[in-house]
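Asks: Chain residues, written in single-letter form:
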Amino acid sequence: MNLIINGEKRDVESDTTLLVLLAQLGASEPYAVAVNQSFVPREQCEGIALADGDQIEILSPIQGG
Amino acid sequence: MDKPLTIYGQTLSTRLFIGSALYPSPAVMQQSIKASGAEVVTVSLRRQGTLEAGNDFWQLIKDTGLKVLPNTAGCHSVQEAVTLAKMCREVFQTNWIKLELIGDEYNLQPDPIGLLEATKQLIDDGFEVLPYCTDDLVICQKLVDLGCEVLMPWGAPIGTGKGLLNPYALKTIRERLPNTTLLVDAGLGLPSHAAIAMEMGYDAVLLNSAVAQAGDPIAMAKAFSLAVDAGRIAYEAKAMPEKEVAKPSTPTMGMPFWHQQ
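These protein sequence lines are chains A and B, in that order. Residues in the first sequence are numbered from 1 upward in steps of one, following our numbering. Residues in the second sequence are numbered from 1 upward in steps of one, following our numbering.
Simulated from the structure, these hints should not be mistaken for lab results. It is possible that some hints are incorrect.
As the list claims (entries may be wrong) - Sample of chain B residues at the chain A side, in silico, Cβ under 8 angstroms: (1) Gly19; (2) Ser44; (3) Gly49; (4) Asn55; (5) Phe57; (6) Val78; (7) Gln79; (8) Thr83; (9) Thr94; (10) Asn95; (11) Glu149; (12) Leu177; (13) Pro178; (14) Glu199; (15) Ser209.
Given the structure is predicted, the values throughout are model-derived calculations rather than measurements. Glycine included, every Cβ here is placed at the ideal spot set by N, Cα and C.
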């Protein structure tokens, strides 16, 4: 299935959960995740089944004003 | 003695909040933040893998030992802002959120209507919201009615350095919301702008570009720190009433040559 991860298309195996995806991507701490513009608490990532077309955002700290 | 500043129950000893963006280098950022004397520094979240987002920056901020105030900068909808706030809470481990919801690209003016809705949702979810808002009194009152203990009206559009564009509106907010903690956020360019805000009775100021974009950010951070203190002391000291007619300060009694023509 196709996902959009941080704005870029990526093809991943069907039935990939969010937790597995994060591991595959090598997401490094600290970060937080949203799927389709909704925040997903870290402890819930394991149970989130992704679907074709889902948009995933993985965000990390940056400078801010 | 001056009453200490409290932000949602947390007591702070300095009245300058500082941003972490736009400095010429990470080292200058660290030294400027230190020179400012600030106890609160603003941060944000962006996509991992972009140039600057990541652990190196976060480690630098953690090394400052300061309290962080995450923002929702760049959000244009209620859902974006609420989602980013929740992501910030998980990463930064704080209920504080500088709620920024942009309504116009040209002047980066906060969207006052969306701001109210996002504030409501976040307060219902346990956040302690510090909304970046316009200087509209009624919007400010409604934000307080929703439960905001702190408001941050703009002095001028973000990054313009124009100072306090509407002193009357800012004074009116101070007058009408005496029990709300008020910060001027955005638009300051000079230490004198910060001093004026503090002389009005604003509880603190939040700035970033004015320091980070200065020729010598570290020196400018110190200048702002002094100005904020001076303005606060002046507010506590209560200024003399302004008059239309001149009144000599040196005694006229005993003046030589007086009316002796």
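Asks: Using the nearest Cβ pair, does Pro178 (chain B) come within less than 8 angstroms of chain A?
Replies: This hint is violated: Pro178 (chain B) lies away from chain A, its Cβ roughly 28 angstroms from the closest one there, beyond 8 angstroms.
Asks: Does the CB of Glu149 (chain B) sit less than 8 angstroms away from some CB of chain A?
Replies: 21 angstroms, violated
Asks: Go through the hint on Ser209 (chain B) and say holds or violated, using the shortest Cβ distance to chain A against 8 angstroms.
Replies: 7 angstroms, holds
Asks: Have a go at the Thr94 (chain B) hint: is there a Cβ in chain A nearer than 8 angstroms to its own Cβ?
Replies: 12 angstroms, violated
Asks: Let's test the interface hint: is any C-beta of chain A closer than 8 angstroms to that of Thr83 (chain B)?
Replies: Holds, because the Cβ-Cβ distance from Thr83 (chain B) to chain A comes to roughly 5 angstroms (cut-off 8 angstroms).
Asks: Answer holds if the nearest beta-carbon of chain A is closer than 8 angstroms to that of Asn95 (chain B); otherwise answer violated.
Replies: 15 angstroms, violated
Asks: So, as I understand it, the hint says Gln79 (chain B) touches chain A; can you test that by seeing if any CB pair is closer than 8 angstroms?
Replies: Interface hint status for Gln79 (chain B): holds (6 angstroms vs cutoff 8 angstroms).
Asks: Quick check on the hint: Gly49 (chain B) CB to chain A CB, less than 8 angstroms?
Replies: 6 angstroms, holds
Asks: Let me know if the C-beta of Asn55 (chain B) comes in closer than 8 angstroms to any C-beta of chain A, holds or violated.
Replies: 7 angstroms, holds
Asks: Is the interface hint satisfied for Ser44 (chain B)? The criterion is a beta-carbon contact with chain A at less than 8 angstroms.
Replies: Holds - the Cβ of Ser44 (chain B) comes within 8 angstroms of chain A, reaching about 3 angstroms at its closest.
Asks: Holds or violated: Gly19 (chain B) as interface residue toward chain A, Cβ cutoff 8 angstroms?
Replies: 4 angstroms, holds
Asks: Once the shortest beta carbon distance from Phe57 (chain B) to chain A is found, is it less than 8 angstroms?
Replies: Holds. Min distance 6 angstroms.
Of the numbered hints listed earlier, those contradicted by the structure are 6, 9, 10, 11, 12, 13, 14.
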